[in-house]
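Trainee: The chain contents come next:
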Amino acid sequence: MSAIQSAFPGAVLESRVESDRRLWITVDPKRLVEITQFLRDKKDFDHYSGAAGVDRINENLFEVVEILTSHGAHQVVVLMKVKVPRDKPSVRSLTGLYWNANWYEREIWEMFGINFEGHPELYPLLLPDELVGYWPWRKDFKGYPDTTTGERAIEQVGPDGYTEFKIMPHTELIKAGVLPERPKYPTFREREEAEIKSDSEMIMHMGPQHAIVPGPFLLDLLIEGERVKKAFLDVGYIHKGIEKIMENRTYLQGIVYTDRMCYLASITNNEAYCGAVERLLGITPPERAQYIRVILAELSRIQSHLLGTGEFLTLLGAATYSPFQYMIIDREDIVYLMESITGARITHTFVRFGGVRNDLPDGFADKARPILKRMRERTEEYMDLLHSDPIYTRRMRGIGVLSPGDARRLGVSGPPLRASDTPYDMRREDPILVYPDLDFKVVTRKAGDAEARVEVRLEEILESIHIIEQCLDQIPDGPIQEKLPKKIKPEPGEAYYRVEDPRGEMGIYVVSDGSEKPYRVKVRGPVYAYMQALPPLLEGAYVADVVAIAGSMDACTSEVDR
Amino acid sequence: MVLKSLKYTLKTALTTTEVTRLYPEVMMELPANERGIHELDATTCIGCGSCARICPNSCIEMVPYKYGNPLKNRKMQFPQIDYGRCTFCGLCVDECPVSCLKMGKKTEIAGWERKDIVYGPDRIAVKKFSEKEVAELEAEAKRQAEEKKKAAAAAAKEKAAKAKGKENKAKAKPDEGGEA
Ligand code: SF4
Ligand code: SF4
Chain X
1 MSAIQSAFPG AVLESRVESD RRLWITVDPK RLVEITQFLR DKKDFDHYSG AAGVDRINEN
61 LFEVVEILTS HGAHQVVVLM KVKVPRDKPS VRSLTGLYWN ANWYEREIWE MFGINFEGHP
121 ELYPLLLPDE LVGYWPWRKD FKGYPDTTTG ERAIEQVGPD GYTEFKIMPH TELIKAGVLP
181 ERPKYPTFRE REEAEIKSDS EMIMHMGPQH AIVPGPFLLD LLIEGERVKK AFLDVGYIHK
241 GIEKIMENRT YLQGIVYTDR MCYLASITNN EAYCGAVERL LGITPPERAQ YIRVILAELS
301 RIQSHLLGTG EFLTLLGAAT YSPFQYMIID REDIVYLMES ITGARITHTF VRFGGVRNDL
361 PDGFADKARP ILKRMRERTE EYMDLLHSDP IYTRRMRGIG VLSPGDARRL GVSGPPLRAS
421 DTPYDMRRED PILVYPDLDF KVVTRKAGDA EARVEVRLEE ILESIHIIEQ CLDQIPDGPI
481 QEKLPKKIKP EPGEAYYRVE DPRGEMGIYV VSDGSEKPYR VKVRGPVYAY MQALPPLLEG
541 AYVADVVAIA GSMDACTSEV DR
Chain C
1 MVLKSLKYTL KTALTTTEVT RLYPEVMMEL PANERGIHEL DATTCIGCGS CARICPNSCI
61 EMVPYKYGNP LKNRKMQFPQ IDYGRCTFCG LCVDECPVSC LKMGKKTEIA GWERKDIVYG
121 PDRIAVKKFS EKEVAELEAE AKRQAEEKKK AAAAAAKEKA AKAKGKENKA KAKPDEGGEA
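Chains as they are written, first to last, in our numbering: chain X, 1 to 562; chain C, 1 to 180.
Please keep in mind that the hints were generated in silico from the structure rather than gathered at the bench.
A portion of the hints provided could be inaccurate.
Here are the computed lysine-lysine pairs in the DSBU-like style, where the Cα-Cα straight-line distance is at most 30 Å [to be verified]:
(1) Lys373(X) x Lys7(C)
(2) Lys489(X) x Lys127(C)
(3) Lys149(C) x Lys367(X)
(4) Lys132(C) x Lys162(C)
(5) Lys487(X) x Lys72(C)
(6) Lys132(C) x Lys149(C)
(7) Lys83(X) x Lys517(X)
(8) Lys105(C) x Lys367(X)
(9) Lys132(C) x Lys486(X)
(10) Lys72(C) x Lys486(X)
(11) Lys102(C) x Lys487(X)
(12) Lys30(X) x Lys83(X)
Same shape as in the complex, but just chain X:
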């Protein structure tokens, strides 16, 4: 902190050291890039973890919060804010410093209308073209169509007889300079015209509906012969606006929505949100509750890895020994264990502020131990099987290689990053709950290819089993819920909380204004980062390997779009 202050006198307007892992600073917008460069080059902040926009309508300001951390050099998270006036919001883009700032800034632009100077491709990411210019995340957004004026979509009958409903673009407003000229996402035809240079090239669609994709997203591949020359990715087909919905619900009701961001990781999403609110409220859950939360988080990691790996192997056509079915059979046991605790199979809504919803059922440990033992045997079996399968190894080895440097630069996290020889795990970097008391190792691989990613996942299952067994041995008796005020109304403030999702770094940033509802919730999901890294990863690959590469990332579109 003091290093920044001495290096840039006058540039730091405000600062707060929350703990030895969190540093909040507000800096002068004009010097943002300089300071960030200083942090990146001199202070090892080499991981751009995300950015959030906040609309401070009462102060007539927009805030952009840049979240910077380091890949293991130290464990400080810097949340750097810049404040810009609301009428002409513009911030310097950080895309020149961090490659992966691209999508985060695009999202802030389309949601808040904050311009990013120097951003290479400011066109909508999640929203449809016609919604641009309404800036839906702003606090004075009236709804679409505008609920206050009752403006409705206009019915248009096309030449082919289909009726379409359209909101007419405000041409006058664009002319008057109120709304920007809307940069459009290129249509397929336009893209073909722009990109195809020779006869041997063509554009191939994968998605929005395709067997390989875990949810709807569009992957356009410009291919020359068998090689992918360039890949274009478009997401936003299932944008649900969860962040905005959560602003309109009380803190407690928000937990329900975190489940629905990604159903395979609902416990960890709960955990991230509740953790952030707990920081705002200044409470810590009792120890027993912490153990229960760890047990559930690890169980959910196991089931997510099983499903992810199994699904991926099916995509590769591993039908002889049908690993998918086996993994589903095993996953069923784990899901049953989770169901016996929480009462639901996938959307748990289980973690509460300062505790958990209910205690472990009687005899849980006795029931869990044999299942975990069996699970361990089975996982070792899978590892042996995959390792000794020459077809599988040939298909996977050396495919989609991410070198450690690239992996860090592209901002991926979780198993793909660890498969690229970077031991970056939130359970170590930003320890929460009782993780510091538990013994586990961070699984890494050197190779960085698709095979390594699957290996990391399978080995993490073993680690998770080890963690759960320790928890079952150590779990103390005691209360499971901290005393809470009748109405949950945190003091005005903000908190950022990270957990290790099955897929990587999941961070939730919550701003409170002292009312019953959160002022702003921003979700920084791991899959968002993978997806962004996918196009450069696919370049130069064979079409047949696209499935292997995309699948080995274990993506979940629902969380990308939120």
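Start from chain X and add chain C with the ligands according to the hints.
Mentor: Okay, now just chain C with the ligands, sitting in the frame of chain X:
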């Protein structure tokens, strides 16, 4: 290699017990705290509406229903749940002050139309009063209400008398039903 995978296949086939469920003939065994369709104990529900307020999807509506306890639930309002919107999150269950709303093990909901899966209190109530009991309770409630009214009237009279006695005190309002 192929032999090896086949070995595992065989091993699994021989050792793993049955995997396919016989649903719908045999329902799988559900754990004790399964979050299925709600169960309402209409005899204890006090009609406070907490469940309706906490529901994140506003699927609970308070509707009139006959077979409840008029002593506790004066307006005879009970929750009706729209399963077209319910996410089975269980917040309503946590919030209920008298723990009369629970979630059971039944999970099957089907209907031809949307309104078929809006379950009124009669469909989610697992405990309710019979017609006769309700009548008795109602009589009891009436009697109590009357008593209360009398008591209130008496109290009001007393107060009025007091107020008259102490004229220097400003208007004493009769406090209806306050002490009853
Ligand atoms: S379970 Fe959740 S969604 Fe369903 S009625 Fe209760 S509070 Fe509403
Ligand atoms: S079910 Fe419970 S929370 Fe709902 S109205 Fe009845 S007493 Fe109140």
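Trainee: Please go over all the hints and tell whether each is borne out by the structure.
Mentor: Consistency of the hints with the structure:
1. Lys373(X) x Lys7(C): Holds. Lys373(X) to Lys7(C) sits at ~21 Å (cutoff 30 Å).
2. Lys489(X) x Lys127(C): 36 Å, violated
3. Lys149(C) x Lys367(X): 59 Å, violated
4. Lys132(C) x Lys162(C): 44 Å, violated
5. Lys487(X) x Lys72(C): Satisfied, since the Cα-Cα distance of roughly 25 Å is no more than 30 Å.
6. Lys132(C) x Lys149(C): Since the Cα atoms of Lys132(C) and Lys149(C) sit roughly 25 Å apart, the hinted pair holds (cutoff 30 Å).
7. Lys83(X) x Lys517(X): Distance ~23 Å between Lys83(X) and Lys517(X) Cα, so the pair holds.
8. Lys105(C) x Lys367(X): It holds: about 20 Å lies between the C-alpha atoms, which stays within 30 Å.
9. Lys132(C) x Lys486(X): 39 Å, violated
10. Lys72(C) x Lys486(X): 23 Å, holds
11. Lys102(C) x Lys487(X): Holds, at roughly 23 Å.
12. Lys30(X) x Lys83(X): This hinted pair holds, its Cα atoms lying about 10 Å apart.
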